[in-house]
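Novice: Chains as they are written, first to last, in our numbering: chain A, 199 to 539; chain B, 199 to 539; chain C, 199 to 539; chain D, 199 to 539; chain E, 199 to 539; chain F, 199 to 539.
Simulated from the structure, these hints should not be mistaken for laboratory data.
Careful, some of the hints might be misleading.
The list treats identical chains as one, so a pair stands whether inside a single copy or across any two.
To be verified - In silico DSS-like links for lysine-lysine, alpha-carbon gap of 25 Å or less:
1. K279 - K250
2. K249 - K389
3. K351 - K451
4. K451 - K266
5. K279 - K317
6. K266 - K220
Protein chains: 6
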Amino acid sequence: MAIFRGIHGMLKANTRGESMAKQIFDYQNGDEMKLAVLIKSAEVRVAKNGKKFIAFNFQDASGHISAKFWDATDADIEQFKPGEVVRLAGKRELYQGNPQVKIYNMRLATQEEGNDPAKYVESAPESADDMGEELNDFIFQITNANWNRIVRKLLGDHKQAFLTYPAAKALHHAFAGGLAFHTLSILRLAKSVAEQYSSVNRSLLYTGAILHDLGKTMELSGPVSTDYTIEGNLIGHIVLVDEAIVQVAGQLKIDIHGEDMMMLRHMVLAHHGLLEYGSPVRPELLEAQILHNLDELDAEINMMTGAYQHTEPGTFTERLFGMDNRRFYRPQNGQTYPDPK
Amino acid sequence: MAIFRGIHGMLKANTRGESMAKQIFDYQNGDEMKLAVLIKSAEVRVAKNGKKFIAFNFQDASGHISAKFWDATDADIEQFKPGEVVRLAGKRELYQGNPQVKIYNMRLATQEEGNDPAKYVESAPESADDMGEELNDFIFQITNANWNRIVRKLLGDHKQAFLTYPAAKALHHAFAGGLAFHTLSILRLAKSVAEQYSSVNRSLLYTGAILHDLGKTMELSGPVSTDYTIEGNLIGHIVLVDEAIVQVAGQLKIDIHGEDMMMLRHMVLAHHGLLEYGSPVRPELLEAQILHNLDELDAEINMMTGAYQHTEPGTFTERLFGMDNRRFYRPQNGQTYPDPK
Amino acid sequence: MAIFRGIHGMLKANTRGESMAKQIFDYQNGDEMKLAVLIKSAEVRVAKNGKKFIAFNFQDASGHISAKFWDATDADIEQFKPGEVVRLAGKRELYQGNPQVKIYNMRLATQEEGNDPAKYVESAPESADDMGEELNDFIFQITNANWNRIVRKLLGDHKQAFLTYPAAKALHHAFAGGLAFHTLSILRLAKSVAEQYSSVNRSLLYTGAILHDLGKTMELSGPVSTDYTIEGNLIGHIVLVDEAIVQVAGQLKIDIHGEDMMMLRHMVLAHHGLLEYGSPVRPELLEAQILHNLDELDAEINMMTGAYQHTEPGTFTERLFGMDNRRFYRPQNGQTYPDPK
Amino acid sequence: MAIFRGIHGMLKANTRGESMAKQIFDYQNGDEMKLAVLIKSAEVRVAKNGKKFIAFNFQDASGHISAKFWDATDADIEQFKPGEVVRLAGKRELYQGNPQVKIYNMRLATQEEGNDPAKYVESAPESADDMGEELNDFIFQITNANWNRIVRKLLGDHKQAFLTYPAAKALHHAFAGGLAFHTLSILRLAKSVAEQYSSVNRSLLYTGAILHDLGKTMELSGPVSTDYTIEGNLIGHIVLVDEAIVQVAGQLKIDIHGEDMMMLRHMVLAHHGLLEYGSPVRPELLEAQILHNLDELDAEINMMTGAYQHTEPGTFTERLFGMDNRRFYRPQNGQTYPDPK
Amino acid sequence: MAIFRGIHGMLKANTRGESMAKQIFDYQNGDEMKLAVLIKSAEVRVAKNGKKFIAFNFQDASGHISAKFWDATDADIEQFKPGEVVRLAGKRELYQGNPQVKIYNMRLATQEEGNDPAKYVESAPESADDMGEELNDFIFQITNANWNRIVRKLLGDHKQAFLTYPAAKALHHAFAGGLAFHTLSILRLAKSVAEQYSSVNRSLLYTGAILHDLGKTMELSGPVSTDYTIEGNLIGHIVLVDEAIVQVAGQLKIDIHGEDMMMLRHMVLAHHGLLEYGSPVRPELLEAQILHNLDELDAEINMMTGAYQHTEPGTFTERLFGMDNRRFYRPQNGQTYPDPK
Amino acid sequence: MAIFRGIHGMLKANTRGESMAKQIFDYQNGDEMKLAVLIKSAEVRVAKNGKKFIAFNFQDASGHISAKFWDATDADIEQFKPGEVVRLAGKRELYQGNPQVKIYNMRLATQEEGNDPAKYVESAPESADDMGEELNDFIFQITNANWNRIVRKLLGDHKQAFLTYPAAKALHHAFAGGLAFHTLSILRLAKSVAEQYSSVNRSLLYTGAILHDLGKTMELSGPVSTDYTIEGNLIGHIVLVDEAIVQVAGQLKIDIHGEDMMMLRHMVLAHHGLLEYGSPVRPELLEAQILHNLDELDAEINMMTGAYQHTEPGTFTERLFGMDNRRFYRPQNGQTYPDPK
C-alpha cells in the first residue's frame, strides 16, 4: 500500500495561477500596492527619536518583503503579531538594492476576507499529490525488507509534517513543502548516480535520502513562522531521526544491531559529512558519502537559483550566508534563468 | 536496592600484592627476566633482511612493554596471537628512552601454569566492590525519578561490562575497570563543584556523569586486546548510549520528549564539548558544560600522571598524543609523585 | 603574619541589605524609577535626525542597565561623564528582550546626597574581610619557602588592588572584588583536586592560582569604569605578573634560575593554556595544566550563572561572547537557580 | 567534423580478455607467480645490514603490487629502472594487510617477448573509441559558438594526451585514459543535473567539464611512470589550461574580454572550489559551483570503489589519503560490489 | 628607449602647495568649512523617521571625510552622485573619534569653478614624472632579454593606468598613483635586499616586482570612485596579469614554456604567498618568496603610517582591517611621525 | 666605549682557507674520505637483525653529513658521544638524494691531533671582530639614553654567548655565530627600511633588532651539540630576554613603567608576530611590526639559500620544514648562486 495515498489536498498549491488577486511580486518598484499578506516576523525596535517602530517581514506565496511601521502604538504592537494575515496598502520601493514596502496603512484581515495563514506561505513548485506519488515509486524500489518497513512506518507516522514542513528555517528550501521537495530532488539525483555507478547500493541510498532530514519535523516548529524547537536545539535533527528509527525498529521487532540497521543509522548520522557540521561520525560507507554530496549539491543549487531570481542580469546576487558569503554573477547573455522578480 | 550488590569478585584485584611472582615492572634495566605475560598485540613485519619478525606488546598487571621476536616462523606467527598468555625469558633493556625486552625464548603457558588472560591486564587502583558501593551512593542522590530509574536500569543491564571495560583503547584509563574508575573520578569532582556552586543541579550532573561513557561498552570490544567494534566505528559511543536511553525509556514508559529527558540526552550528547570532537551538539546547559570540563580534567590528569610514572625526575615525559603532543616536565625537587618504574 | 589583616572595610559590601534605597533591579518592567546610579559608560552619538544623544550604561550594586538620553546639549555631554553619580528619574521598559530605562530627567548627585562612585559598583558576593581571611589560610599551606615569601610580598604590595579590582573588563567576574573572588574560587576547586589526586603538588598549585591573574591589577585601570591600560595592551597581564615576580625575587635575594622559580613562572606564563590565548608557553607541568582547567571552569560557570539570572525559565540566555556565542537553556523544572531579575 | 574521429586504436584496451597470459591479480596469496610486469617505481634504499635494496612497485593492466629486491648490486640498480618491462618469478604474499611479491628472480624482457610499457599500464574501463564518440556528442550540444570552437581547437591540439593521460599522479583515476574517463563521468552527471534543474546553462557546464582538467596534460609527464613537470609545480594545471584558452582565443580571433570568455575562464579557474585547494577564485557562477561539486563527487566515488575492490566484505578499507584518511566499511551483506581481488 | 618618457603632466601633483584654496584637512574640529570637494561615495538610506538621507564620503587631495545629508529629496539623490564635484559649506565636528562634516548646504560645482574630478583625488607623494624616471632605471637593470622586452611592452601598453590607478580599492595605497608608488617602494626595498644577499637574481626580482600588481589595472575600474570590475571578480588580478604576459609573449615570439618564462609567471602567480590569499601556487623560488615578503612589508607600512596620521600621540589608531583588526599605539615621545591631521 | 672591543679571536674563523686539511664538502660522491670531524649527534638504534647501530651526524666547518655505524658494541656507544672529535675513514655516497658517509673505521682523535670541538663547528661567514665592530656602529646610533644603556649592559653581560651561539637549534642560522650574524643581517635590512620610510623610529628599531633574540643565549645550551635548556622549554627565549631587560633596568635605575621601556619590551615580546608563534602580544607599534617582518625575511632567505647550496640546478631542494614543507626550484640558467656542494 502506498504511503502517500489520500494526501490529496494536504498542501494546496498556493501559486499565482490559483488566485486572481495580485501578489507581492506582481508589483514593480514604484507601484502602489493593495493586497493581503501574512506577517512572517515582527520585531519591535526604538527609533533614534525615541519612538517605537515595527520591522515587518511580510510574505505570500510569491515571496517575502520587508517594511517598517513607524510610530507604533502599544495597540499596534499587540495586534500585528507573526502569523496574522493583514490587509496592506503601500508603495513598493527599492533601497540599498533590496525591495521594501512603504506602508500607508494596514489592518487585520477579517474571517470573511480569508485569514488562513497557510494560504500565504511560499510553497514547493510541485503539489503534495505529485510528490507523494513519486516518493511511493522510490520506496517501492527499496528491496531490503527492514529498510522498506521502517521507511513506510516513519513516513506514515509523519506524513503531514513531512509534506508541509520547510527543509530549513532560512537557508535553503525554506518554504512549505520544502522538506519533501528537497528529499525528492536528492532522490532524483541519487537515481542518476546509481545508474551511472553500478557499485552503489540503490536501496540503501534511497532509504538514507528519504530519512536523512525527517528529524526536521521535530527540530522545526512547523511551516508557518518557522523556528527551532527546544528539542531541536538541545538534541538536533540528526539524533532525533536516529531516535525515531530506534523506536520504530523496536515496534517492528527489527534487530537494531543487525548490519543493515547499523548501515541505515550510519547514513542519517553521517549525512552532514563533517563533524564540524554536526554529524557525530563522518561517512564511512560509499552511499553515506554520496548522500552527503547530493544533499549539499541540491541545497546549494536551491540557494543560488533562489538568489538569481531577485538579481538583474549583468550584476551579482547579494552575499549568500549558506554559500560562505559569496556573491554569484548573473550573466547578461546566454542565460536560461527566468526574469528577476 | 543497590545496583552493584553481588558484584563481589567480578574484577579481581590484579595488583602486585596478590601475587608472589615478579611482574614486568619489578625488573630494572639490565635485569634478566623470567615471567608470564599476556600478549596485548602482535604485529608481523618483514625485516630488511627479508625475514619476518613479530613486534609484540606484552602486559601484566604492572604495565606493558614492547619486544621484537626475530626470524619468526609461520608456526610462531600462528601460535603467538594477541590474547595468549606466554612464559617469557629475556632481558630488560632501554633503547631510545623506552624500556623493552630482548627475548631469549618464549612459549605458550599451559593450563596448569594458569593462562587466564584476565589475570594479566592492568586494572583500576580500586576494587570493583568499592567502586560499586560508591557509585550506589551517588545514584542514591539522584532525586529526579526518571533519571534515577534510567540509571539503575542501564547500569543493571551493563553491570559487568561497566565494571570491567577500559575507558578507551589507548588514550586514558586504558586498563580493566578504567571506565568505572574514570566515571567515579568525575563524580567525585562533580560533588566538589556542586557543593561550591549552588546553582548546579546535582541530580542532573551525577546522572550525566554516570551515563556519559556507558556507550563505550558497545563501542569497544572488551577489556582484553581492546579494539573498536564496527558499531563503534559507524555509530560511535555517544549515539550508542543515547540509543540505549531511548530504548530503556520506552521499556519504562517514560516520555522521551519530557524536559527532563531532553536534558539528560543533551548531557550525554554534548559531553565532548565541541562538534569537532564528535558531539552532535555543543553544551547548552550549565551542567552539560561542567560535565565536559570535568571529563577533560580527569582524563588529562590520568594521562599526565601515567606518563610521569615512567619519567626520571629532572627530565621530560615522552610526547603525549592526547595532550596535543606536549611533553611534561617532572621536577627534580618538591615532587609528590611516586618513583618512576 | 597574615597578609590580609587590617583590610577591614576596604571593600564595603554594597549589597541590597545595607541600603534602604531601592536599586536598579528592585524595579520591574513598567515601574517608574527614582534612584541614584553611577554612569558606567557614556557614548555620544548622532541620531538619524542629526541631533546628538548619549547612550548610557548606568550601574549600582544590583547590576547595570542601558538608557538613551535624546537631544543632548553640549552641557549635558560635558557633565554626564563616566564615573559620575547621578540622580535619575525614568521608567523601566523592555525592548528586544533587554531591560532599559526611559529617562525622564537626570542631574549630578551632590556631595550631600552621597556621590561616592565606589558605592555604586557591583561587587563580589563575599566581603573583602572574609576573602582575605580565607586567602591567608591557603597561603599558610604553601610549604616552599621561596613561593611563600613571593606570594606574601606581592600580595602585600598590591593588597588594595587585588581585593577591589574586577577579574576582567567585561567577560567574567567583571565586578569590584571579582579578581579576589575568582582567585578564591579557583583555590577552593584546587583544594578538592589536590585531595582527590595525590600526585598534585599542592603548594605549587596554590601559588600559581593566587598569582596567575595578579597582573590584572596592572593591565586594568581599576574597579570603576574599567579599561585596559597602555601597559596592559602592549605587554599584557601574563608578562606583567612575571615581571613582578622577577623584581620581587631580586628584592628577596631569591635565585630566579632555581628550579622552583622556573616552575612558578611557568605556572603563570602557561595559565591561558594555548598560545592563541596569549600564553607564551603551553602547560608542561601537571599543576600548570590543572590551573588552566580550573581557571577556565570557574570563569565559565560565572558567565553561565550570570546569564541565567536574567533569563526566564523555559527559554535560552542571550548569546555569550565568552562561551563561543552559545546560548544556554534555563530549564522550566528541577532548576536550582534563583529567580531571574 | 568530430574531433575524435580517427583515434581508433590510440588507447589499446589492455584488459584481461585480450591476453591469454596471467596477470598480477589473477594470482591469489600463496601462489607462485610467473609473468611480465612494468616497473612503475623503483626506490633504492639501504637495509639496516648496510646493503642496498630496491623497493619496487610493479604494475600491469590488472593493477599494481609492491616488492623488495634484497642485496641489489650496482648493475641491478642500473638496469631495473621505472618504465622497464621485466620477466618476474616470485610468490604472492600478504603482509600487514597488503599483497606483495616475494621475488625469486627477475630480468629485463627482450624485444621479442614484447617490452612495450604501454601494454602494462592500468587503463580506463572504456575504450578510447567509445569515449571519443561520446565526447563528440557532448561537444555537439555546446551551442555558444566561441565555446564550441575553443573546445574543438584545444581537444584537437591535445587529442592524444587527453585520451591517454591519467587524471592524477596517484589520488584518483590514476590510470591510462583516466583523464578522459573522469571528464566523461562528470559530463554524464552534468547531463542529469542539467535535466533536473532547468536554470542550468548546459553549454557552459559541458564546456567547463571538458576543459577543467585539460591542464593535467601539461602538469603531468605522461601515462607511464607519471610525475609532475616543473611547469606543473611552478604554474599548476589550473593556470596552464587558462593560458591555453587565452592562446587559442587569440588564434581564433575571439575577444578574451567578452562575457562568455570571462565565464568560461572562471569555470576552469574556480573548479577546485576553495582557494586552499589552489583555485585563484572561488565559484561565483551557478555552473562553476556545480562543476566543482560533480568533479569532487566523481573523484570520490572513484577512490572509494577502487579501495573496496581490494577489501574483504565485513572489513574496512585502508585509510584513503584523498578522503581525509578515512576508512570505509565494505558490508557483509546486500553489497553490489564485485568480489575483492 | 625609456618607457616613461613623455608622461609629463599625466598625474598632476594635487598637493596643497599648488592650490591657494583651503582643503579638507586644513580645517580643525569646530571650524566653519567652505570648499570644493569630490563625492567619493554616496549611499541613500532611510532614517528612522522614515525620510531618506545620503551618507556621503567627500574627498580632496588632502584626504577624505564623511557627512550625512538629511531629508534628501529625489532631486538631491539624483544630482549628488559619486564622481561629482560639489561646493560645500558646513562645520567640521568630531564624533566617536572620527572627523565628519555637518552640512549647511551644498551644490554642484560649475564648469567655471572647475569641476574636474581628477583634481580632487588623493595622490601619491611623488610625481608621475619622477616615478617614471626611477622605474626606467630599474628596468634598465633587467638583463634577461625576454623579461626586459615583456616589461617594456606591458608597461608601454598600460602606461597611463599604471601611473594613475590606486593599488587597491581601500586597503593600502588607495590613492591615485598608488599602484606605481607601491611598485616603486617594493623595488627600492628589493634593491637593498639584492645588495645584501648576493644569491638573489636581481633581474628576476625587479621584473616580478614591476609586473606583480599590473593586473590591478584590469581588476579595478580606475582612479576615481574605484570599484572591482566583473573581470576582477571572476578572474582576479593575479590571473589577469598572467594572461597579459602570455599574450604579449605571443606577440613578441617568446617561448612561453622556456625556463625564464616559467620563472617570471611563477613570480606573479605566487606573490600573495598563500593559497588562501588567492595565489594558485605558493612561492617555490627564492625571489618569489622575497617578492611576497616585500609586497607585504610595504603594504603594511603604508597602512600603519596612514593610520598614525589621524591618531593623537599617546593613543591607539582605529582597528585596521588589513592588519587583522589590530590597533597600533602612537607614542607620546620620541616619535618621528608628522603631526596628526 | 665600544662593547665589542677586545673580543678579538673569540670566534675563530674556521673557514677552509685556514686549514690545509680537506673538509667534508671537499669530497665528491664516490670519493674515499679521510678526515677529522666532530660528532654532532649520535642516536643508538636497533637494526632489524636485532643488533645495535649508531646513527651519526658528523660536522666540520664546511657543513654536516650523516652516517650509520653498524653492529655497534657497548664500548663504541660509550666512547662515540656527541661533542667528541673523531678520525674518520669512509666513502662518500648519495642515497635518496642526500649525501652520507659509508664508514670504514673511526677512532677518537688524540689531543696531539687536535680535538678541540670548537674547530669543527660551522660558523658565520663573517668574523666576530667584524661583526662586533659593525654592531658597535649600530648601537652608536641609538639616541634614546635608556635604550642605549640597556643594550650596552646586556650585550656586555652576554658578549661571549651572543657572538658564539647559533640563532636556533636547527631551523635557520644554526651555526656558531649565527645569533650575531642573524642580528646583524636584520640591522642592515632595518637601516634600509628606516632610510626609505621616514616615520620609522630608527633607535627603537635598532634596539629591538639587537635584543630580540638575546634570550636564545638562555634558551639554548651553547654552540656545540645545541639543545634546549629546561628554562628554554618552560619559559622560552621571548620571556627570558624580557626578564633580563627588567633586571638590568633595575640595576641601572631605569623606570620600567616609562613609555620608552614599555615600547622596548613590546618590541621583543611581539617579535614572533602571532600568538600562535609564541608572542604573548601581537605587534602594536610600527617598529614592532617591521622587526617581525625583517626577522622572518632574513630567516627565510637563510633557509632557502642554505638548501640551494646542496641542490643541483634544474631540480628542487628537499622539503624545508621551516618553510611549511615547501620545496624550492633551483633554476638551470641565469642563476647567481654558487655551485652546489
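Novice: Take the hints in turn and mark each one as holding or not.
Specialist: Status of each hint after checking the structure:
no., hint, result
1, K279 - K250, "within (15 Å within a copy, 27 Å between copies)"
2, K249 - K389, "neither (57 Å within a copy, 51 Å between copies)"
3, K351 - K451, "both (13 Å within a copy, 21 Å between copies)"
4, K451 - K266, "neither (56 Å within a copy, 50 Å between copies)"
5, K279 - K317, "within (17 Å within a copy, 43 Å between copies)"
6, K266 - K220, "within (21 Å within a copy, 38 Å between copies)"
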